[in-house]
Amino acid sequence: MSAIRQTETRPATDTLLSVRGVETFYGKIQALRGVDIEVHRGEIVTLIGANGAGKSTLMMTICGNPQARSGQIVYNGQDITNLPTHDIMSMSIAQSPEGRRIFPRMTVIENLQMGAILEDEANFDEDLRKVFTLFPRLKERRGQRGGTLSGGEQQMLAIGRALMSRPKLLLLDEPSLGLAPLVVKQIFEAIRELNTNEGLTVFLVEQNAFHALRLAHRGYVMVNGSITMSGTGRELLAREEVRSAYLEGGAH
Amino acid sequence: MANTTTSASADRPEGAERLSEDRREAMRGEPPFVEAPSEDTRLVRALKEAGVTAGLVAVLTLFFFLFRTDIAVGGLDLSLDPKSWIIAIAIAFAGRFLLTYFVFGGERPTVGGWKKVAAKTARWPIGKVIGVVLLLVALTLPFLLMTLLPSQDRYLLDLSILILTYVMLGWGLNIVVGLAGLLDLGYVAFYAVGAYSFALLATNFDLGFWICLPMAGLFAALWGVMLGFPVLRLRGDYLAIVTLAFGEIIRVVLLNWYDFTGGPNGILGIPKPTLFGLEFSRGEGSFSDFFGLEYSSIQRFVFLYYIILALALLTNFVTMRMRKLPVGRAWEALREDEIACRSLGINTVNVKLTAFATGAMFGGFAGSFFATRQGFISPESFTFIESAIILAIVVLGGLGSQLGVVIASVVMIGGIELLRNLTGLQAIFGAGFDPTQYRMLIFGLAMVLIMVWKPRGLVSTRTPSAIYKEKKTIGADLVAQGEGH
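As given, the protein sequences belong to chains X and W, one line each in that order. Read in order, the letters of the first sequence correspond to residues 1 to 252 in full-length UniProt numbering. Read in order, the letters of the second sequence correspond to residues 1 to 485 in full-length UniProt numbering.
These are computed hints drawn from the structure, not numbers from a lab. Glycine is no exception: its CB is placed at the ideal position from the N, C-alpha and C atoms. Please note that the accuracy of each hint is not assured.
Claimed, not checked - Looking from chain W toward chain X, a few residues come up when the C-beta cut is under 8 Å (computed):
#	residue
1	ASP81
2	GLY95
3	PRO271
4	PRO273
5	PRO326
6	ARG329
7	ASP337
8	ALA340
9	SER343
10	LEU344
11	ASN347
Unchecked claim - No more than 25 Å apart at the CA atoms, straight line, and that leaves these computed lysine-lysine pairs for BS3-like:
#	chain 1	residue 1	chain 2	residue 2
12	W	LYS48	W	LYS83
13	W	LYS324	W	LYS128
14	X	LYS130	X	LYS185
15	X	LYS130	W	LYS324
16	W	LYS454	W	LYS48
17	W	LYS454	X	LYS139
Modelling step: build the complete structure from the supplied sequences, incorporating the hints.
Structure below.
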């Protein structure tokens, strides 16, 4: 596996995103109970866990909506814990949100334009070509409205839209949700390509533990709002607890 | 077997095309299958094409043949020359008819040629064609009315001005409701702010229409921002209620702040607009005097018509341009998905504020035009029903559709006026029948029918604001500055 080989050869790099002791509440309900996560430059890091474990909450907290009640989130050396969402998202972080959230009445091109809305227009053509090379399907569908795309194409569009802002860190919230295994493979392949060719750092939240851990350099396991395990993708895949909780019957 | 494959491929459009091509191929050179154009359709088609040609010539030659200026004592004299105009139309009609009937044999010129035309017009959607035709009609309307219906021209021109005012208001509100997706039930407040700003500035400081117009727009935009700030966190129903309240607050303040606004008495003596200082009245220094024309009260109406047409077209132009700019794209994206917008780093507060302010500004422009046209304003003109009508125009026309607003305005405002004149119905329902009393009823019924028939409005398709053109010859790496989109 190329991903695993990279893990072994890659030297220790500096931290791009670090989440320290973050606690998040929805009203009185505590969703995150002191989460610590580190994402290094050039890594693919995945966070796996069951439904309701708080994976998406962590993703949203990094984006500042809701904001962490305690703890600290540092991105690229800057404390972003209490910044508004739009300020965080304009700091070369891009997110492909849960449920994809593409603009259904706008065309593929317009969706991609929205991704580049804060970027210099001079880069648009070049970035567009990159996205179309990565996802040729999007090029075929360029004039079509986002809402008429298939689920997989919508996910490609969501990732493409995020890439249009030239991010250093890409946050992906369950890109495999509701997609056929073949499409999931395609999308994960694209993520790996981005990471190896462009050196893009990816933080991936997934339920599909098997594929995610195979793809990622390192992984974290979240249970009930806390991190219970961490390690390289291969280590976690080998752990009995992970296998029994997330992979039984799930590994195809 | 062959049958099943062809029928399966026929489901797809390209399959259907191939199928029809196959059929044509099969029929080629076999006399029984080549249909000779029957005499009947040939005649009808020739007449149709001749009619279209004649209509085009009529519009194009309107100013070349119909209107004639002669040098007269004290300047130019405008006279009508319908004879040469009609001759030109007749020549065009006859020429096209003969050409189509005999030379083209009732067929369309050449199949290849038409295919090319069809390919070109495919980029020219029907909406655009209608838009251009409507624009041409709008530009020539005063002259059309004066020549075709001279007895009623003043009334019809006044009605056209009213319709255009609502078109402009509809376009202004379309920015807020149609593009940004913020339901605003108090749009009339900005209309009122614009009208009162102009009226107060003009009567207190003796300023003219053209100076007050931008100021009124700015005031209205300012109020748009003021309304925008507190309500930005609200959405949907809640936003609608707050904007509704805002509209009423403005009206009640205008009604009760007697010292400033004149309360229910309103403001009288608002000056009329001038053309570079030329007034539309009798005597020295007036428009008719300067151009050596005979004074006619219709001149002022024509002038007002062109002012509101220009203002409305400005609104349309700005909106269309904005849609292609990042801020306009952000408006539409905001309507689609606010959370996705935020995740792309868009400051939704600013985007909403610009939408409110831009929409309000055009409402303010329309308001000052309303004030100068009426010469008198009072809070009674700015009740909730006005907001409702403007919103109905936008919703009926199709949210976000510029053409839909025009059609809906003509139908709604023109339709109400039409009902006023339907005295012929008395023959059916008896002499005591007054159609005006049933206006709102019929109108409501029509709205229900439209909503059942077309729930997303008359024009519900959204035109993309960007089309991707691939550059084949020069790579982006060779171009220092990409043109972007």
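Hint check results:
1. ASP81: violated (49 Å)
2. GLY95: violated (41 Å)
3. PRO271: violated (44 Å)
4. PRO273: violated (40 Å)
5. PRO326: This hint holds: W:PRO326 lies near chain X, its Cβ roughly 5 Å from the closest one there, short of 8 Å.
6. ARG329: holds (6 Å)
7. ASP337: holds (5 Å)
8. ALA340: Holds. Min distance 4 Å.
9. SER343: Status holds, d = 5 Å.
10. LEU344: holds (6 Å)
11. ASN347: holds (4 Å)
12. W:LYS48 with W:LYS83: Given that 25 Å is the threshold and the Cα spacing comes to 23 Å, the pair holds.
13. W:LYS324 with W:LYS128: Distance of about 17 Å is within 25 Å: holds.
14. X:LYS130 with X:LYS185: holds (20 Å)
15. X:LYS130 with W:LYS324: Satisfied, since the Cα-Cα distance of roughly 23 Å is no more than 25 Å.
16. W:LYS454 with W:LYS48: Violated. W:LYS454 to W:LYS48 sits at ~30 Å, over the 25 Å cutoff.
17. W:LYS454 with X:LYS139: With Cα atoms ~32 Å apart, W:LYS454 and X:LYS139 exceed 25 Å; violated.
The structure fails hints 1, 2, 3, 4, 16, 17 (numbered hints given earlier, in ascending order).
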